[in-house]
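Colleague: Here is how the chains run, residue by residue.
Protein chains: 2
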Amino acid sequence: MTTLLNNFRPDPELDLLLERVVDVPRDLVWAAWTMPEHLVKWFAPVPFTTTECEIDLRAGGIFRTVLRSPDGDEFSNTGCYLEVQENERLVWTSLLWPGYRPASPRPALAFTAVISLESNGQGTKYSALAMHGDTTSRESHAEQGFHEGWGTALDQLVALFGPPGRPDM
Amino acid sequence: MTTLLNNFRPDPELDLLLERVVDVPRDLVWAAWTMPEHLVKWFAPVPFTTTECEIDLRAGGIFRTVLRSPDGDEFSNTGCYLEVQENERLVWTSLLWPGYRPASPRPALAFTAVISLESNGQGTKYSALAMHGDTTSRESHAEQGFHEGWGTALDQLVALFGPPGRPDM
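Residue numbers (my numbering), protein chains in the order written: chain X, 1 to 169; chain A, 1 to 169.
Incorrect hints may have been included.
What the hints assert, rightly or not - Cβ pair distances, simulated, as ranges: (1) X:P70 <-> A:D134: 45 to 55 Å; (2) A:E13 <-> X:P47: 34 to 44 Å; (3) X:G151 <-> A:E74: 42 to 52 Å; (4) X:Q122 <-> A:G121: 52 to 62 Å; (5) A:Q122 <-> X:E88: 37 to 47 Å; (6) A:L57 <-> X:E143: 52 to 62 Å.
To be verified - Covered stretches of chain A, as calculated for chain X (at least 3 residues, CB under 8 Å): (7) 81 to 91; (8) 117 to 127.
Please keep in mind that the hints were generated in silico from the structure rather than gathered at the bench. Ideal placement from N, C-alpha and C gives every residue a C-beta, glycine not left out.
All chains should be modelled from the sequences, with the hints used to inform the complete structure.
Modeller: Written out as structure tokens, the structure reads:
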């Protein structure tokens, strides 16, 4: 599946990568990632919930979510989209705020994410790459449960949008 | 000249802005900023020199320069382009490396730069915006001589590309 990432070369020492073929059409995966009313239903791995989502779907636009823990603690994440290629690739970073302004304070988790989609029959080759600047950030992200968290969220996306739950769009 | 910046709203408390009308056609200002063989001739304010320049002119591409002081100290700057709109707007950040990877270590000067160009008769309305995440970064950039440095560099660009020095392109 390396062709998916094209210009993005994952570095095993710095990056985290989740790849899977899912039984959800590519345009539905894209909708799940880019429409707040869909995203809030699957984005937070249970038992967390997504209580807010703001999306301005263009390079330089905001991508903000608020996740709530079962104890009621809220975690706000504000990032900036860098590339928006419909049904193909979505890139954002936690290091910048909308309009590309440097985030302040520096985010606890400094990473750039690349979601890449490719049609695979009726389904989609799905790739989620988290790029870091150093091994410490990578390990911190891994310890916070990148694979479990992003994997569970993807399970939730599939449960929502895969057959037989697939909604009319 | 606020229309130049459009999607970018300078924040007086966080940003630094250099605006000027120069007697250089817009396409030559663009060439000066985007072709290494031109950039090395004007980019470093005297008495500094630009000893290296690497440009991959696309969103996600590298923008790297090495500046040398009169004492021979070298300062390497590696950034990543975010927007490349020929003859109109060039955006890059020091917070990311090529391919949008988070820079590591965090750069001493964390900023995103926006160069905006607009035709003005035979010349160009020129705007250089440096956006920061906090006042400390802004002040540090100002103390390092943003206005003098970028102003002197622009003088050098004009001396090279304005009449009568204007080369055939």
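Colleague: Hints first: check each against the structure and report whether it holds.
Modeller: To see whether the hints hold, each was checked on the structure:
For the pair X:P70 and A:D134, the beta carbons lie near 34 Å from each other, so the given range of 45 to 55 Å is not met. For the pair A:E13 and X:P47, the supplied restraint of 34 to 44 Å holds, since their beta-carbon distance comes to about 40 Å. Distance hint check: the CB atoms of X:G151 and A:E74 are about 45 Å apart, consistent with the given range 42 to 52 Å. Checked against the hint of 52 to 62 Å, the pair X:Q122 and A:G121 passes, with Cβ atoms roughly 58 Å apart.
Distance hint for A:Q122 and X:E88: a CB-CB separation of about 42 Å, consistent with the stated range 37 to 47 Å. In this structure the supplied range 52 to 62 Å is violated for A:L57 paired with X:E143, their Cβ-Cβ distance being about 38 Å. Counting residues of the segment 81 to 91 of chain A whose beta-carbon sits less than 8 Å from any beta-carbon of chain X gives 3, enough to reach three: the coverage restraint holds. Counting residues of the segment 117 to 127 of chain A whose CB lies closer than 8 Å to any CB of chain X gives 0, which falls below the minimum of 3, so the coverage claim is violated.
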